[in-house]
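*Asks:* Chains as they are written, first to last, in my numbering: chain A, 5 to 418; chain B, 5 to 418.
What the hints contain is simulated information worked out from the structure, not anything from laboratory work.
Same chains, same names: a pair is fine if it fits in one copy or spans any two.
Simulated crosslink set (SDA-like; lysine to any residue; CA at most 20 Å straight-line):
#1 K109 <-> V98
#2 K151 <-> E125
#3 K15 <-> E169
#4 K151 <-> Q68
#5 K112 <-> S360
#6 K112 <-> T402
#7 K112 <-> G100
#8 K268 <-> D350
#9 K151 <-> A52
2 protein chains.
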Amino acid sequence: MNLTEIGERAKKSATQLAVMLSGQKDRALLAIAKALEENTAPVLEANAADLAQAAENGMSVPLQDRLLLTKERLFGIAEAVRYVVGLEDPVGQVLGGGIRPNGLKITKRAVPFGVIGLIYESRPNVTVDCAVLCLKSGNACILRGSKDAVRSNIALVRIMRDAIEKEGLNPDAIQLVEDTSRETAAEMMRLNSFIDVLIPRGGAGLIATVVQNSTVPVIETGSGNCHFYVDESADLDMAADILHNAKTSRPGVCNAAEKLLVHKNCARAFLPMAAERLRTHNVELRACPRARDILGDACIPATDSDWSTEYEDYILGIKIVNAIGEAIEHINRYSTHHSDAIITSDYANSRLFCDSVDSAAVYVNASTRFTDGGEFGLGAEIGISTQKLHARGPMGLTHLVSYKYILEGSGQIR
Amino acid sequence: MNLTEIGERAKKSATQLAVMLSGQKDRALLAIAKALEENTAPVLEANAADLAQAAENGMSVPLQDRLLLTKERLFGIAEAVRYVVGLEDPVGQVLGGGIRPNGLKITKRAVPFGVIGLIYESRPNVTVDCAVLCLKSGNACILRGSKDAVRSNIALVRIMRDAIEKEGLNPDAIQLVEDTSRETAAEMMRLNSFIDVLIPRGGAGLIATVVQNSTVPVIETGSGNCHFYVDESADLDMAADILHNAKTSRPGVCNAAEKLLVHKNCARAFLPMAAERLRTHNVELRACPRARDILGDACIPATDSDWSTEYEDYILGIKIVNAIGEAIEHINRYSTHHSDAIITSDYANSRLFCDSVDSAAVYVNASTRFTDGGEFGLGAEIGISTQKLHARGPMGLTHLVSYKYILEGSGQIR
Numbered sequence: 005m006n007l008t009e010i011g012e013r014a015k016k017s018a019t020q021l022a023v024m025l026s027g028q029k030d031r032a033l034l035a036i037a038k039a040l041e042e043n044t045a046p047v048l049e050a051n052a053a054d055l056a057q058a059a060e061n062g063m064s065v066p067l068q069d070r071l072l073l074t075k076e077r078l079f080g081i082a083e084a085v086r087y088v089v090g091l092e093d094p095v096g097q098v099l100g101g102g103i104r105p106n107g108l109k110i111t112k113r114a115v116p117f118g119v120i121g122l123i124y125e126s127r128p129n130v131t132v133d134c135a136v137l138c139l140k141s142g143n144a145c146i147l148r149g150s151k152d153a154v155r156s157n158i159a160l161v162r163i164m165r166d167a168i169e170k171e172g173l174n175p176d177a178i179q180l181v182e183d184t185s186r187e188t189a190a191e192m193m194r195l196n197s198f199i200d201v202l203i204p205r206g207g208a209g210l211i212a213t214v215v216q217n218s219t220v221p222v223i224e225t226g227s228g229n230c231h232f233y234v235d236e237s238a239d240l241d242m243a244a245d246i247l248h249n250a251k252t253s254r255p256g257v258c259n260a261a262e263k264l265l266v267h268k269n270c271a272r273a274f275l276p277m278a279a280e281r282l283r284t285h286n287v288e289l290r291a292c293p294r295a296r297d298i299l300g301d302a303c304i305p306a307t308d309s310d311w312s313t314e315y316e317d318y319i320l321g322i323k324i325v326n327a328i329g330e331a332i333e334h335i336n337r338y339s340t341h342h343s344d345a346i347i348t349s350d351y352a353n354s355r356l357f358c359d360s361v362d363s364a365a366v367y368v369n370a371s372t373r374f375t376d377g378g379e380f381g382l383g384a385e386i387g388i389s390t391q392k393l394h395a396r397g398p399m400g401l402t403h404l405v406s407y408k409y410i411l412e413g414s415g416q417i418r
Numbered sequence: 005m006n007l008t009e010i011g012e013r014a015k016k017s018a019t020q021l022a023v024m025l026s027g028q029k030d031r032a033l034l035a036i037a038k039a040l041e042e043n044t045a046p047v048l049e050a051n052a053a054d055l056a057q058a059a060e061n062g063m064s065v066p067l068q069d070r071l072l073l074t075k076e077r078l079f080g081i082a083e084a085v086r087y088v089v090g091l092e093d094p095v096g097q098v099l100g101g102g103i104r105p106n107g108l109k110i111t112k113r114a115v116p117f118g119v120i121g122l123i124y125e126s127r128p129n130v131t132v133d134c135a136v137l138c139l140k141s142g143n144a145c146i147l148r149g150s151k152d153a154v155r156s157n158i159a160l161v162r163i164m165r166d167a168i169e170k171e172g173l174n175p176d177a178i179q180l181v182e183d184t185s186r187e188t189a190a191e192m193m194r195l196n197s198f199i200d201v202l203i204p205r206g207g208a209g210l211i212a213t214v215v216q217n218s219t220v221p222v223i224e225t226g227s228g229n230c231h232f233y234v235d236e237s238a239d240l241d242m243a244a245d246i247l248h249n250a251k252t253s254r255p256g257v258c259n260a261a262e263k264l265l266v267h268k269n270c271a272r273a274f275l276p277m278a279a280e281r282l283r284t285h286n287v288e289l290r291a292c293p294r295a296r297d298i299l300g301d302a303c304i305p306a307t308d309s310d311w312s313t314e315y316e317d318y319i320l321g322i323k324i325v326n327a328i329g330e331a332i333e334h335i336n337r338y339s340t341h342h343s344d345a346i347i348t349s350d351y352a353n354s355r356l357f358c359d360s361v362d363s364a365a366v367y368v369n370a371s372t373r374f375t376d377g378g379e380f381g382l383g384a385e386i387g388i389s390t391q392k393l394h395a396r397g398p399m400g401l402t403h404l405v406s407y408k409y410i411l412e413g414s415g416q417i418r
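Chain A with its partners taken away, still in its complex shape (with noise of 0.2 Å):
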């Protein structure tokens, strides 16, 4: 099937889908979940053929990890389908609304955007994922994941199809990309007619593509660049705490700490107690100059390129800095705009801070790990957004739907 042809069938769908009630619509996402467990073979035999793909391409260990579907992921899968079916269906909610001066009764209603694309790298739950949150919000979708899941990507979509169409649905609400060649990826890219809004998912050369190549409207997401200033006033006990779980309790993901800036009157305090803690994880320390000449052995020279890595790894960059201001204008130098935070125990740097720090998530005394759908208690998430057109910071079900507005009047002329 061509894409123009999945982009019809994807529009048909979303019909269908705008005016389909919160009830139809669990209960299709109710027999998706119970799907999943009862289909587990035929999805494992097919992430199986990934998997011994992938090691024969030389896929790293990590990597072969996150594409890794075992009985137990697919029932924890399962089980998120779930606890999307308990949260609150946007469709429909009233926005606004009054009555004009003539009597024009005006109402703007949430409605889905319509079709939804998605293209992403490697992890096979993604797809049930981005599936579900469509299907929740009214949307049909149209998924184009990465080749070295393409086989689990095919088991996993199959089985929802069909679980939706034994639902009364149509199938085409989740719609497969199968073809993952670079084509298919930039003609989805210019699929205006078809696809209302498209989420790009992985590693910041693909958002770049997509944002660089794509004529259809793109909520851009995920890199970050994430910075923990020390302030010269910080709890430094504190603020090691907050940086070790920041760097080390997940550093692939994109609310990691990745830059150490410190105020150089603290440095010398904090960067010794700082390098100690980050040592249990071997964490390589990358510092500029002034902070070389503290921590010695303990650190390699930065680089100008190191401002802008996301390392995804435990890497630490660390830069002295002279004052609240030069910390600021740093971050907003070289942030991706994700999540930034302050150690800080006075008041007014708190407050600077938050007001100049270009970001979706600005913290004080807190770990920016936190940035996350779930824990913003926003139920399940499809992104995390770092622009700022219709969505910034982590994106729920809220953030899948568009409005309209309805006006009914009773001869109006203007």
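Given chain A's structure and the hints, the job is docking chain B onto it.
*Replies:* Showing chain B alone in chain A's frame:
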């Protein structure tokens, strides 16, 4: 000055604007209004030169009128600036938040986008309208008007910059791209490092060019191929009145009716009435074969391209449909998703139309001409979005902001 330099200056000024108090922004806006009234001479002189050039280039009389500034019009523009002063500042509003179980306090607060780029066509009042809405909402703007109005725009921007500078603001909050070559427009569309959102305002060609070429997030505005569906059950007198208004009150604007769809069971009664009413403005009727059977010499044949064309003129496309479902399908296929209306006295059909027509504004028994920021009670408007991301329909000040999450902790780790 090249665009990178303009972008850097805009970004710097945006940082200052983001934390500026409403009172200071309002004082700057009042200074702009006063300066526009006190400096009409240089603007009118520049405008006369633009008009002379336009006449020499053979610009049509209606377009020349759009370009024309008079003392009265300038005072009207100044009055519109004062109106914006009276509107509520959207910056800083708390849009949500709470305290998480671990004690982390989350506040979702409205913040300016930062830098807004505007690419627009000839009317010079747009220069002031947009600059003022951006300033009120704490955004710096980069304005790129058309070649036809460049002298007028330079004069207007100079006055505005001088006025806000005297009030202590950085004049780079308002910048004009004086070089109106295609290259500068193309460069703006790829200025992702400095422009947060790009809003094109103008004809379908301009909008399409920006959507196709911009890597900066775009809010698509304006084009309106608006439909008017007369249901079987319609009050035909009301239908004729509303159609007359929707088509002829201002045919050049985007919320004017462009297409008439009529249910077959009332076509024979309604079409002659409608033709009679529209004859007062010599509206050209382009009809499908079945409608031609009824209208005879009062119409000419419609071609396939008529269904997707926005005439912006005294022209109306007419098609007879067999059922409301056919009308909805036709609208969803050919509409620009701006504004579409049904005239009906049937409850179920009114609901079906509102639920199924995928447009920013869906009307029952009223003229599509109401799709406008002022008419919707939004105050001044920067454009009418025909996309679903971020804002749909008329966009006022509240649509010129994004938000950020502030997270205040006391050592929380995850």
